[in-house]
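Residue numbers (the working numbering), protein chains in the order written: chain G, -13 to 346; chain P, -13 to 346; chain Y, -13 to 346; chain S, -13 to 346.
Keep in mind that a hint or two might mislead.
Identical chains share a label here; the pair holds if one copy fits it or two copies do between them.
Result set (DSBU-like, lysine-lysine): computed pairs, CA atoms no more than 30 Å apart in a straight line [what the hints assert, rightly or not]:
1) K207 x K342
2) K346 x K230
3) K310 x K69
4) K259 x K222
By construction, these hints were calculated from the structure, which means they are not laboratory data.
There are 4 protein chains.
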Amino acid sequence: MKRLNLILVFVIFLLSASAVHADQRYEIAFPDLPSYKTLKCDFHMHTVFSDGQVWPTVRVDEAARQGLDAIAISDHIEYQPHKDDVSTNHNRPYELAVHRARMLDVLLIKAGEITRDTPPGHFNAIFLSDVNPLDTEDFVEVFKRAAKQGAFVFWNHQGWKGEEKGSWRDVHTTLYDGKLFQGMEVCNENRYFPTAHKWCLEKNLTMMGDSDIHTPDLRTKSLPEDHRTLTLVFAKKRTIPAIKEALQAGRTAAWFKQQLIGRKEFLAPLFDKCVTVECPHLRTKDAVFTKIRNDCDLDIVLKRTAGPGPVQIDLPARSVSLLKVDTKTPDEPLELKYSAINFIIAPGKCLDVMLKVPGK
Amino acid sequence: MKRLNLILVFVIFLLSASAVHADQRYEIAFPDLPSYKTLKCDFHMHTVFSDGQVWPTVRVDEAARQGLDAIAISDHIEYQPHKDDVSTNHNRPYELAVHRARMLDVLLIKAGEITRDTPPGHFNAIFLSDVNPLDTEDFVEVFKRAAKQGAFVFWNHQGWKGEEKGSWRDVHTTLYDGKLFQGMEVCNENRYFPTAHKWCLEKNLTMMGDSDIHTPDLRTKSLPEDHRTLTLVFAKKRTIPAIKEALQAGRTAAWFKQQLIGRKEFLAPLFDKCVTVECPHLRTKDAVFTKIRNDCDLDIVLKRTAGPGPVQIDLPARSVSLLKVDTKTPDEPLELKYSAINFIIAPGKCLDVMLKVPGK
Amino acid sequence: MKRLNLILVFVIFLLSASAVHADQRYEIAFPDLPSYKTLKCDFHMHTVFSDGQVWPTVRVDEAARQGLDAIAISDHIEYQPHKDDVSTNHNRPYELAVHRARMLDVLLIKAGEITRDTPPGHFNAIFLSDVNPLDTEDFVEVFKRAAKQGAFVFWNHQGWKGEEKGSWRDVHTTLYDGKLFQGMEVCNENRYFPTAHKWCLEKNLTMMGDSDIHTPDLRTKSLPEDHRTLTLVFAKKRTIPAIKEALQAGRTAAWFKQQLIGRKEFLAPLFDKCVTVECPHLRTKDAVFTKIRNDCDLDIVLKRTAGPGPVQIDLPARSVSLLKVDTKTPDEPLELKYSAINFIIAPGKCLDVMLKVPGK
Amino acid sequence: MKRLNLILVFVIFLLSASAVHADQRYEIAFPDLPSYKTLKCDFHMHTVFSDGQVWPTVRVDEAARQGLDAIAISDHIEYQPHKDDVSTNHNRPYELAVHRARMLDVLLIKAGEITRDTPPGHFNAIFLSDVNPLDTEDFVEVFKRAAKQGAFVFWNHQGWKGEEKGSWRDVHTTLYDGKLFQGMEVCNENRYFPTAHKWCLEKNLTMMGDSDIHTPDLRTKSLPEDHRTLTLVFAKKRTIPAIKEALQAGRTAAWFKQQLIGRKEFLAPLFDKCVTVECPHLRTKDAVFTKIRNDCDLDIVLKRTAGPGPVQIDLPARSVSLLKVDTKTPDEPLELKYSAINFIIAPGKCLDVMLKVPGK
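So here's chain G without its partners, still in its complex pose:
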């Protein structure tokens, strides 16, 4: 029995088998902005190398089939419950997954999660070149070592243990003043953090939305009604350096439970690229009938704020909706005033939008 042959045979078999499993990619529909590409990213997830339950390549396969552009595997640095059985080299998840990521055209970012008791809480450092130096006792020193590598660092799930434990402490001021962290998760998996959202706006921190997934992700593809929590990154190119530049510049929105959470300056043009009012196909003496396209993966809901138009307009993802507007001047152009209730520009505040119906 020759072990070498056996292994060769296996490698060939596995490659062809895995190619079958990973060869479909279902793109997520969010259009590019006029000046930026809209990249779908998840910067927080785990594998068997900390407390996750999958091998690192599984995270790449999940990302590819769900249409993600970039991911960061961010295993806990200080917390490794499987260490009796699994290597403790913090660079291994990246090293094991990067070839598969290149094959499947998923941008893989080297990362780690700085995992301390809350407060001060957990932080992800991404765009690292070597995760191992971050495994050191002194808390602020960890951030300095991340900064030395040019990392982008964000505070994870701020209120996950309650608002008191998630409150802003002196150490956060130290880190913030030293520009040692630059973003916060406004949502993580199934939870939204309004305090983090407020701080992002007040302190000019980048808004992040991540899955923090530990188990296998069972979704074969992303669906509007069942999607991962993600960060949309408005980047100049589809490259890792361009993502880093966009995060440093704060050009993001979080996609969370059928909502987009972000700054008005990005959500307003994104809405305009998602929603298109067509020229009316019928004008009667007291109404116009037109179609509205929604080309994105969000089931958009609009509530009227003033003037003509129905009280509510539903625009399901990737569909065309038929709209009747009552009007005594059906040949004139119309401006319909609505609030886009799943485009969130501040805690409790939605984006105001205008639907322009062309005249004859």
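With chain G's structure known, arrange chains P, Y and S on it following the hints.
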């Protein structure tokens, strides 16, 4: 108790209720050809006015939500099993449905089905201005009256009672020579007719695919794996006259059970618009890795005919597939030779296609 | 061309075709009570014979495939917007559908909807032998004629035009005192009527839940998360007379948007038949682990009211849920106190239930 | 920063989180036989401890939510591509998963895959007490050590590298004569092995069907049209020793792509428990109409072999089908002769069944 008020109240209630039911349209994805719009059409269906089981407006609602551009309600002229209870005016289905069709932007074509025992069989006359004159005894006279109205006429489900009953008779020659019919259904609902397909090619008849639906269509939207049998019409514009011109010119394909059946001159450019090979994202020393987009609603399957590339490539509808091609010259452009097994250009014959992978 | 042969051929073809369409029945899972069969019924729906959009047989097909036991087609008596095209004999919907109902084993109940402006509103009279005599001007007289035929009559969608228009008037007292109506819809299609619910309890009226469907029902089968509004009838047998007896005795519950609305005396034993706590499969020193079966088509949600057990227990339809209960005496029997939040026994009031976990 | 506290906090958090993920169990419907329980088992799967991609507990979670009764994690003994990062103690997968299995009431069987080049091929040894002694060079010695532990051993995916490589060699005779293996996989994941099937019948080996899963199983629940390949075990009790006794006695069937493959002596009574013909609900002068229940998770298809009844009867999983039988003696009992085309009792041979329709 005032009946008038009652009715007014009802009309208002019904209008608002029905608006809710019909306001989503899920477009079918088949791209336009370089010179033509690709319209999704169904020219054969029934209502309570012959042996169908729905009111004519239901056919419009079904078409709108499934993303159809045009339909013809083609109730049997000579066969009206509900005539004890329902009006026998052959124009009523059109008259009752046309306002709703205009509201929902479905092009509604006035039509009737000439329904004689097989042989000679059933024929649909569409683009009629008045269906009633076609309700006359003499078979050939019916066709002459249709012709006088400028109708386009096609032979329905040729082999539905077996090849013998569906064979070509003298009367068909009479009709064909007189240019009294111009097309044939190559498929109808769940059945494909290879003899009809052959005759369409030999005799230059237009290929049609229709649902012939009698019951309510339960599909909320068209899905690649569960769609209506339809005719794709390659028309200069999205208007009824343009559809008529395209049918007369033979510019169609039938969409039937995840297959497209049509002439090579239309299927070849349609394939090229549906499938896009991207620039490779990875070139190793013995392989290139690239992505192939399929932007249409057909789960395309390709079988290799010669040269490099995998034996089979699956391109699910509206997705991106990852492709690895083994090659010793990864920087050179590649031409991959495949047969598109669900693009049918003649009975038993598939479209040959070339996938061009760009070089470095 | 022989018309007779043609028609014979057609009839044969249609019979076989329709047999294909209607031959699957997906049963709805609600267990029988100790003394009664639990029948799934819909007593309110429309066809082309009033303002509906389908032929009467379609209502039978829908009922059969969705697993209903009994339906009443209840076309409006006084309101027939299609009367220019469709017969006005009020018995025709029943007559046209009854043979198909017998073939598919759906119990078809002859009925009509007494349709007056609101107030006094709409009422369904079911178990009629002849609907036509109810087409008379005098409102109370209609009810007397229904009573003479032994009909069961209920008030439809009481608050559909607002609480004021749905308020209890003298005429309702007249009808009620004369025992001329015996039930009320507590829910109709997408709406629940708490006032009707309250009156049913106060005045001992039978609670009804119906679809009031006008368009084709697109559901291929009933699903827990997408089902028709129905009336569960607790009957001695699966026959029309037994249903009538049960309605007269008030033995019903309404199934509405994943909730059951009914009297405690029926919901309590129904819950006990739906939910089974198994014997624990694991007892540790501080917890027991057991399984709970939910054999019905309701996604049951339980909230803890007191004592041990998790704060909330989700019991998805037709599944088994794993339950861990913390306890210091794992070998002793446990009694877990919960509120079944989708078993509604009065407006705003849920059924209290006890889960008994067996001891060792 | 106290590491100990941190870890305690984490453990609590993870336990509650994972409880949420794993608490639904969707049972697979295959009825018990008159004398045996029908257990749903998968005896072949992998984790990160060999070439799989998940942590061992994931295999338990998958089994629980899909309604399995028992699994064996059977990591390769001689093949461990992750050994640079993961422990090589062959008992670890079992040890890490067994507590979770007890919590979720999944019977976990300790096992290993004897992985040699083909021929002689791969074999699973299950019901081991210690896997490590099987990691030894001499091939036959491995089997002897398994036998000493009382293991049940079966030959995996016999023809996976072609019939020549899967042919029966002297070493198989040695093992077989020494009673060192007792079963064969007749199907594995997506493949069926007719030669293995034939040998099972000829040599009285137990038929197995397994998933051999390496990646995460994305199914949330088992569906008739998308299920894992499993072994149905007809056991006296739901315990590990009872499963072992049943496997030794050959009481199994493989569930593979909507088919059951097994011995006639088990498939015949299983069919009778799955399919119930009800008493006819309608007898006309030339036909009877009755209902047939299919209570299992197989979409059963029947083809008529002789006598009355439709040419084909489709019995979708967990549904009731309406059946019309033409007969001149509708009051007499009927015996309908069919072949159950997805009950496979030998390569190319289906089970003959009789449907008995009661007389009046």
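The hints, checked one at a time:
no. : hint        : in the structure
1   : K207 x K342 : between (34 Å within a copy, 28 Å between copies)
2   : K346 x K230 : between (47 Å within a copy, 27 Å between copies)
3   : K310 x K69  : between (62 Å within a copy, 28 Å between copies)
4   : K259 x K222 : both (17 Å within a copy, 27 Å between copies)
Hint compliance for this structure: no hint is broken.
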